[in-house]
Amino acid sequence: MPSSKLTGSSCRCRRPGPDHGSPSGKAAVLQGGDQRLVNAGERVTFSESRINSVEKIDARLADAWRNGQLKARNLPLSEVLERLADYRGQRVWMMNEQAAYQRISGDFDLDHPAQSLERLAADQQLRLHNLLGHWLIVR
Numbered sequence: 001m002p003s004s005k006l007t008g009s010s011c012r013c014r015r016p017g018p019d020h021g022s023p024s025g026k027a028a029v030l031q032g033g034d035q036r037l038v039n040a041g042e043r044v045t046f047s048e049s050r051i052n053s054v055e056k057i058d059a060r061l062a063d064a065w066r067n068g069q070l071k072a073r074n075l076p077l078s079e080v081l082e083r084l085a086d087y088r089g090q091r092v093w094m095m096n097e098q099a100a101y102q103r104i105s106g107d108f109d110l111d112h113p114a115q116s117l118e119r120l121a122a123d124q125q126l127r128l129h130n131l132l133g134h135w136l137i138v139r
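Numbering (the UniProt record's numbering), first residue to last: 1 to 139.
To be clear, the hints were calculated from the coordinates, so they are not data collected in a lab. The reader is advised that the hints may include incorrect statements.
What the hints assert, rightly or not - Here are the simulated DMTMM-like pairs of lysine to aspartate or glutamate, each with C-alpha atoms no more than 20 Å apart in a straight line:
hint, residue 1, residue 2
1, K71, D123
2, K56, E97
3, K71, D109
4, K26, E48
5, K56, E42
6, K71, E55
7, K71, D107
8, K71, E42
9, K56, E79
10, K71, D58
Stated by the list, open to error - Pair by pair, the computed Cβ-Cβ distance ranges are:
hint, residue 1, residue 2, range
11, L30, A62, 13 to 23 Å
12, G25, Q125, 39 to 49 Å
13, R139, L37, 32 to 42 Å
14, L132, G25, 35 to 45 Å
C-beta: ideal position from N, C-alpha, C; glycine also.
Kindly generate the complete structure, drawing on both the sequences and the hints.
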C-alpha cells in the first residue's frame, strides 16, 4: 500500500479510514507525488490511486465518522464501496461500470464493514467476490 504523510498542526486522523481533517491550523497530505493543503474546517479523502479534492467538513458527518459510522449522502456507489472496503484492507474492482456511478445514500457501520458491504450489495443487487483477501470484485 502506498504510504501517505500528514504534516501540520492539530489534525484528527483515524486509520485505516482514508480521511484526514484539520480542525485547527493547516495540514498537508502527501501521497506519492500528489499533495493537498487542508485548512481548518476542511477535509480530504484519498484512495490507493488518488487524493480527492479538498472539501468543507460537514460537522454531522464528521461526528458520525468519529463514532464508527459512514453516513453516505448522494455519493457514487463506487466511492461508498471503496470507503467500506478500505476498512478491510481491500481494493475494489468494479465489474459493473453502470452501477459504479449510481448515487447512494445510507448509514453504514464502520466497525462491521463486511456486514455493511454485504447489505449494500444485496440492496443494489450486486455480487461481491473476495480475491486473496486483498481485492473485492463487485459484479
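Tested hints:
1. Taking the CA atoms of K71 and D123, the gap is about 16 Å. The hint holds against a cut of 20 Å.
2. Restraint check for K56 and E97: not satisfied, since their Cα atoms lie roughly 28 Å apart, outside the 20 Å limit.
3. Of the pairs offered as hints, the one joining K71 and D109 holds, with about 9 Å between alpha carbons and a cut-off of 20 Å not exceeded.
4. Among the hinted pairs, K26 with E48 is inconsistent with the structure: their alpha-carbon atoms are about 23 Å apart, more than 20 Å.
5. Between the alpha carbons of K56 and E42 the distance comes to roughly 4 Å, so the proposed pair stays at or under 20 Å and holds.
6. Restraint check for K71 and E55: the C-alpha separation of about 16 Å stays at or below 20 Å, so the hint holds.
7. Under the criterion of a C-alpha separation no larger than 20 Å, the hint pairing K71 with D107 is consistent with the structure, at around 4 Å.
8. Between the alpha carbons of K71 and E42 the distance comes to roughly 17 Å, so the proposed pair stays at or under 20 Å and holds.
9. For the given pair, K56 sits about 18 Å from E79 by alpha-carbon distance, which is consistent with the 20 Å threshold.
10. Of the pairs offered as hints, the one joining K71 and D58 holds, with about 11 Å between alpha carbons and a cut-off of 20 Å not exceeded.
11. With their beta carbons about 22 Å apart, L30 and A62 fall inside the hinted range of 13 to 23 Å.
12. The supplied range of 39 to 49 Å is met by G25 and Q125, whose beta-carbon atoms lie about 45 Å from each other.
13. Distance hint check for R139 and L37: the Cβ-Cβ separation is about 38 Å, which falls inside the suggested range of 32 to 42 Å.
14. For the pair L132 and G25, the beta carbons lie near 41 Å from each other, so the given range of 35 to 45 Å is met.
Checked against the numbered hints above, the structure violates hints 2, 4; every other hint is satisfied.
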